[in-house]
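*Asks:* One line per chain: the protein sequences are A and B, in this order.
Read in order, the letters of the first sequence correspond to residues 1 to 344 in our numbering.
Read in order, the letters of the second sequence correspond to residues 1 to 344 in our numbering.
FYI, nobody ran anything at the bench for these hints, they're computed from the structure.
Take the hints with a grain of salt, since some may be wrong.
[Said to hold, decoys possible] Derived DSS-like pairs (lysine-lysine); straight-line CA-CA distance at most 25 Å:
(1) A/Lys-140 x B/Lys-34
(2) A/Lys-34 x A/Lys-47
(3) B/Lys-160 x A/Lys-275
(4) B/Lys-18 x A/Lys-265
(5) B/Lys-60 x A/Lys-275
(6) B/Lys-18 x A/Lys-240
(7) A/Lys-18 x B/Lys-275
(8) B/Lys-240 x A/Lys-246
(9) A/Lys-47 x A/Lys-18
(10) A/Lys-265 x B/Lys-160
(11) B/Lys-294 x A/Lys-275
(12) B/Lys-34 x A/Lys-265
(13) B/Lys-265 x A/Lys-34
This is what each chain is made of:
Number of protein chains: 2
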Amino acid sequence: MGLVIVGFGGMGHEHFRKLEGVKELTVLGTFDVKADRQTFAQSLGTKAYPSFEAVLDDPKVAVVLLATPNDSHKDLAVAALQAGKHVICEKPVALNTAEFDEIVRVSKEADRLFMVHQNRRWDEDYLTVKRILAEGTLGKFYHLESRVLGSRGIPGDWRKIARFGGGMMLDWGVHLLDRIVFLIPGRITQVFCKLNHPTGQEVDEGFHLFLTFEGGQTALIEVETCHYQPLPLWLVLGTKGTAMIKDWSLAGGIVAQAGSEPDAKPIVAGAGLTKTMAPRTEAAEVHLPLPVVKSDVRDFYRNFVQAALGREAPLVKNDEVRRIMALMEAAFESHRQGQVVAFE
Amino acid sequence: MGLVIVGFGGMGHEHFRKLEGVKELTVLGTFDVKADRQTFAQSLGTKAYPSFEAVLDDPKVAVVLLATPNDSHKDLAVAALQAGKHVICEKPVALNTAEFDEIVRVSKEADRLFMVHQNRRWDEDYLTVKRILAEGTLGKFYHLESRVLGSRGIPGDWRKIARFGGGMMLDWGVHLLDRIVFLIPGRITQVFCKLNHPTGQEVDEGFHLFLTFEGGQTALIEVETCHYQPLPLWLVLGTKGTAMIKDWSLAGGIVAQAGSEPDAKPIVAGAGLTKTMAPRTEAAEVHLPLPVVKSDVRDFYRNFVQAALGREAPLVKNDEVRRIMALMEAAFESHRQGQVVAFE
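Same shape as in the complex, but just chain A:
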């Protein structure tokens, strides 16, 4: 299938490079409103379409891939679907569920596939956590923490601007939440969220988000852009062990119980003693490596083609995407009200 990339910034170029390894899709060209990006595309030997309309008018184009700022997704997607194109769209797909519902309605009317690029479902850190939970190494799972922390602030482009869909909830929250709900099944009963704006940006520069699931499990999701000493990407807590993934290189491991041990002896801790927080003895714990899962994010594109041809179900389903959009709306609402929002 012929594909054109619309929006040729960082993500557009990343798609361009990734698609080189996907034989089912042929990049016919790109389009961007900025002249320097048009020139850049031509320098890579690909066609720079003169306008978005020219992309839609080209009958060789079966797929439009949208990698433009978040506020433009809806209008561009609707136009492309109505022009008979299948659409791959960057995340977050829309600024609210109402916009998203309109896209999905048009997709059904036009009988064209609309699929959101939730590429981080192919993150190996996340897939490794999924395997750890499936293997049950940690005993009964009760809490997890998922963090992405940086110190460089929000880049000085549209990501800082509210009306373009900027802010860390829409940028990173959308990924972290999309992964969490595949790790913890069931309804989300409570959403508590606190956004922060340490350097005074109009969009959220970071947040703490606390979720409670109907099974009683909880999750803490944290994103920061003003954090100079990052905590681990993942912590997964079970009754018999804890898994930690420190960073994108998948450093980390599992520490688990190895049999019981006698009542702890108090240790000196600061100005007092503690028996409760005494460390385990070495004999009573075992250190295990992470059961690392390998993945290929290009499976996203391959599945897209098969789904467009009606041969496979899409791996990223629109009802899943909608649920995460609604969850982000609940998080914004929780912050605004200073209250817990009952979600599902």
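For this one, chain A is given, so just place chain B on it according to the hints.
*Replies:* Relative to chain A, chain B alone:
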């Protein structure tokens, strides 16, 4: 002043050892309802009073130190105060603010000093955080996290029993909250708390507690007893740097901005790219040691004597202790309701 230690378990013995270095107070003896502890006290060469009444009847006893389970503090304190003794009491002083108010009322009526052993105000990790905030190294402070995490569960004594005042909020929460409010001034506007019971105990085995202050600063307090890979004791986030204290040995440091740097280059992170979360360049950050503060927890006892003699104000004030009790009640209420509680 002559002092008797009532309750000669772990904390009672710890007081006994600490008081050896305090010339202003003389340990006249101990009392415990358990025979083996009476024998143990005698083996240390101190007198084992035959009953609590015998302690109160002894005119040489000016101070009663209560290191008994939490549910017994109120009745013992009231009796001691009414017998004309000054009282040092272990924390948490009472199971609720109503009990506490009664003790304070009796203390005023009897004109005797009642002071709670908030020993962790002398913790060097906490005092170091206090100095970091005072020195302003981190720029504008906006968030901190205080954690105490262990994996051995709750010790199998009264700490597991609700009616004895067990559970991690009353055991550790009382300390961590008592320190937090000296680090972040002003009213606490919102309290969100989620207790956990991973191994099914009747008391809380751990919790996440999220506080919002009137100045907009936030704090996350976490205690766990089923956590096998502890996070740092402290994280302090400012606009220009982050301080981390890893453990009780005061390992850790400060990472701070060293000038601005050009727009980040995207890095590969899992299945995607990120510009926002690219690390700082080495030239753009500076690593500083922690400004470690040293302390002597025996200053607590020395101040107690001076305060009982009317020469100094007590370092641990009853209205401070009451505020923390009310805060813990708000935390329990937040968990029970599944809601944010408006506190002050």
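*Asks:* Evaluate each hint against the coordinates.
*Replies:* We went through each hint and held it up to the structure:
1. A/Lys-140 x B/Lys-34: This hinted pair is violated, its Cα atoms lying about 37 Å apart.
2. A/Lys-34 x A/Lys-47: Given pair A/Lys-34, A/Lys-47 holds - Cα atoms ~15 Å apart, limit 25 Å.
3. B/Lys-160 x A/Lys-275: holds, 13 Å
4. B/Lys-18 x A/Lys-265: At roughly 18 Å apart (the allowed maximum being 25 Å), A/Lys-265 and B/Lys-18 satisfy the hint.
5. B/Lys-60 x A/Lys-275: violated, 33 Å
6. B/Lys-18 x A/Lys-240: violated, 36 Å
7. A/Lys-18 x B/Lys-275: holds, 17 Å
8. B/Lys-240 x A/Lys-246: Answer holds: B/Lys-240 to A/Lys-246 is near 23 Å, not above 25 Å.
9. A/Lys-47 x A/Lys-18: Holds. A/Lys-47 to A/Lys-18 sits at ~17 Å (cutoff 25 Å).
10. A/Lys-265 x B/Lys-160: holds, 17 Å
11. B/Lys-294 x A/Lys-275: Roughly 23 Å between the alpha carbons, so the hint for B/Lys-294 and A/Lys-275 holds.
12. B/Lys-34 x A/Lys-265: holds, 20 Å
13. B/Lys-265 x A/Lys-34: holds, 20 Å
When held up to the earlier numbered hints, the structure conflicts with 1, 5 and 6 and fits the remainder.
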